[in-house]
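J.: Assemble the complex: chain X is given as a structure, and chain G must be docked to it using the hints.
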Amino acid sequence: MKKTAIVMIAFVLGFHHIVMEALYLLPVNPLTKYYHSYVSFYMEPLFEQHWQLFAPEPALYSLKFWTRCGKGKLKTTEWFDPSEKYLKRHRAWRFGPNGKILYIYNGIARGYLNATIDLTQELCKEGEQGSKTCQRLVRNEIKNNRYFKAGKSLAIRECQDYLSYRDNFHSFDWVQFQAIKIYPKQFSEKNSATDFGRIEYLDSEKIGVAGELVSKKY
Amino acid sequence: MNWFQKNIDTVCEKNYFPKTVKLFLFCLYGWIIAHTLLLLPKGEMFWGPSSLIPGMTAGPDFVWSLFYLLEFEWINRFYLLFIFGQLLSAGICLYRIDWRWPRFFVLFFTLNLDNAAYLILDGGNNIIQLMLFYALLMSTKEEDSLLSNALSNVFVFVARLQVVFVYLVAGLAKATGETWQEGTALFYTLSVDDYSIPFLNHWIIKFYFLTVLGSYMTVLFQISFPWLVWFRQTRYWMLLAGTFLHLQISFIMGLLMFGFAMVVCYIIFNENRRSAKILEVLNGSGRLITTKA
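Quick note, the sequences are listed as chains X and G, same order.
Position 9 of the first sequence, counting from 1, maps to 8 under numbering that gives the first Met the number 0, and the rest follow consecutively.
Position 121 of the second sequence, counting from 1, maps to 120 under numbering that gives the first Met the number 0, and the rest follow consecutively.
One should not assume that every hint holds.
[Stated by the list, open to error] Simulated restraints, written as ranges between beta carbons of each label pair:
hint, chain 1, residue 1, chain 2, residue 2, range
1, G, GLU141, X, LEU201, 56 to 62 angstroms
2, G, GLY90, X, GLY129, 52 to 58 angstroms
3, X, LEU201, G, PHE83, 36 to 42 angstroms
4, G, PHE243, X, GLU188, 29 to 35 angstroms
5, G, PHE83, X, VAL27, 42 to 48 angstroms
6, G, LEU87, X, HIS49, 26 to 32 angstroms
7, G, ARG76, X, ALA209, 23 to 29 angstroms
8, G, TRP202, X, PRO44, 39 to 45 angstroms
9, G, ASN6, X, ASP117, 48 to 54 angstroms
10, X, ASP117, G, TRP202, 38 to 44 angstroms
11, G, TYR117, X, ASN143, 18 to 24 angstroms
12, G, ARG76, X, ASN139, 32 to 38 angstroms
Bear in mind the hints are in silico, worked out from the structure with no lab data behind them.
All C-beta atoms in this analysis are idealised placements derived from N, C-alpha and C, irrespective of residue type, glycine included.
Just chain X, with the same shape it has in the complex (with noise of 0.2 angstroms):
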């Protein structure tokens, strides 16, 4: 009796969460409605299985977070890759923390271009998101959001890095910071000359900051 009802406990709590965990990983589907709430209360978030773990489409994409900074409308520093310097280390030696570095800078871009994507659709009308009114809504909302801020400070980081290496910039009043896709060339176009295929790209407005001083690093 004792062997039985440990069997079934042991047994119940196994099946109970495969089964939960099948239905978690089920497509949504016309039952889904029934079960979700529970099946969402019992997964998430200690046995949530993020879509990264399945990785059902490949990547198709870099996603950049590129910087640039200025002291007024006279000086401005080109478009530059902060994130460089770590791919070239990840891919020169794969025991490193510069790896899961890359992932910031994604992750931040990610977050901006996405939060962008969602503001749109929230505050503007189909139809209408592409006109100026739509951009000036989502410009003004995207200030209070954790990776437009996450990206002014990373901005403003790398900025001083970058500038400190600079002789004739000593200091910036703005960063500008976009989140850039760049595309690989199209399979049928593989022999071609070019290095990539498109590339898109999301700027944040001109942010100002308190005239950022840069200490030189030479």
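T.: Chain G in isolation, oriented as in the chain X frame:
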């Protein structure tokens, strides 16, 4: 009823996978230590107060705030304690693989560290988190209490099923994916800056048929793994193919710890006597395992 009683006895009177569990736990906690040590040189960027990973928009529900402690500024300053706690408890797990209480601490610290640095997580972190939980219920003892035997036997099966689910979902999704069906998926992935090595780009274009073959082989592997892994005749071929695939993901695509995480998960499919032989070899060398159990 005899059949039923016989199966009840089967499940709880003996632990069928003590050596497999031991080997699996050794590799699992070894992965945890390796992963954290890999990130430690730049730990401040991931977990520290000056980390640029944005915090949560709203605080966690009270119930789950135990796993989001590093969201609180006054606790975040002591993030190194969490790292130390994780490494220490994982080390204790390696030294005394039969002890269960350190496993709770590994799970606790790992969840806190992972939730603080959520931007850097990938599929490897996800599956390891799930395995850390299942590990709480696994036993390394050949004979333990009835409940412990039953739970360990059941949750070894659950852990195996977890890996099977991963491949089932991934395989089915890939089989319906346009680039996978066209055979160009690997070509595109290996052409993306972040997942390639420059010197390979030339070879990918010259020998593009290999990427087509690789794409189809990947889908074939993932849709057949959930079925073939259960049969002794095909299990080790599937695990070997998977190991090759994931090591390629680790070194060529650069998702180092993800590849290793999947290989660690394969150990749970080992038969007990095979795991015992591997442990004998490792113990015999006297270099790798000093665990007591």
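J.: Range first: 52 to 58 angstroms. Now tell me if the beta carbons of GLY90 of chain G and GLY129 of chain X are that far apart.
T.: Holds: the Cβ-Cβ distance is about 57 angstroms, inside 52 to 58 angstroms.
J.: Range first: 29 to 35 angstroms. Now tell me if the beta carbons of PHE243 of chain G and GLU188 of chain X are that far apart.
T.: Holds, since PHE243 of chain G and GLU188 of chain X (Cβ atoms, about 30 angstroms apart) stay within the stated range.
J.: I want to verify a distance hint. Is the separation of the beta carbons of PHE83 of chain G and VAL27 of chain X within 42 to 48 angstroms?
T.: Between PHE83 of chain G and VAL27 of chain X, where Cβ atoms are some 43 angstroms apart, the hint holds.
J.: Can the suggested window of 38 to 44 angstroms be confirmed for the beta-carbon pair ASP117 of chain X and TRP202 of chain G?
T.: holds, 40 angstroms
J.: How does the Cβ-Cβ distance of ARG76 of chain G and ASN139 of chain X compare with 32 to 38 angstroms: does it lie in that range?
T.: Given range 32 to 38 angstroms: holds, Cβ gap about 34 angstroms.
J.: Starting from the hint 56 to 62 angstroms, judge whether the C-beta atoms of GLU141 of chain G and LEU201 of chain X obey it.
T.: The hinted range 56 to 62 angstroms holds for GLU141 of chain G and LEU201 of chain X, with Cβ atoms some 60 angstroms apart.
J.: Within 48 to 54 angstroms: is that where the Cβ-Cβ distance between ASN6 of chain G and ASP117 of chain X falls?
T.: Holds - the Cβ-Cβ distance for ASN6 of chain G and ASP117 of chain X, about 52 angstroms, lies within 48 to 54 angstroms.
J.: Is the hinted range of 23 to 29 angstroms satisfied by the C-beta distance from ARG76 of chain G to ALA209 of chain X?
T.: holds, 25 angstroms
J.: Just tell me: holds or violated, for the beta carbon distance of LEU201 of chain X and PHE83 of chain G against 36 to 42 angstroms?
T.: holds, 40 angstroms
J.: At the C-beta level, are TRP202 of chain G and PRO44 of chain X separated by a distance inside 39 to 45 angstroms?
T.: holds, 42 angstroms
J.: Kindly confirm whether 26 to 32 angstroms is satisfied by the beta carbon distance between LEU87 of chain G and HIS49 of chain X.
T.: holds, 28 angstroms
J.: So the hint says 18 to 24 angstroms: do the beta-carbon atoms of TYR117 of chain G and ASN143 of chain X match that?
T.: Given about 20 angstroms between the Cβ atoms, the range holds.
When held up to the earlier numbered hints, the structure conflicts with none and fits them all.
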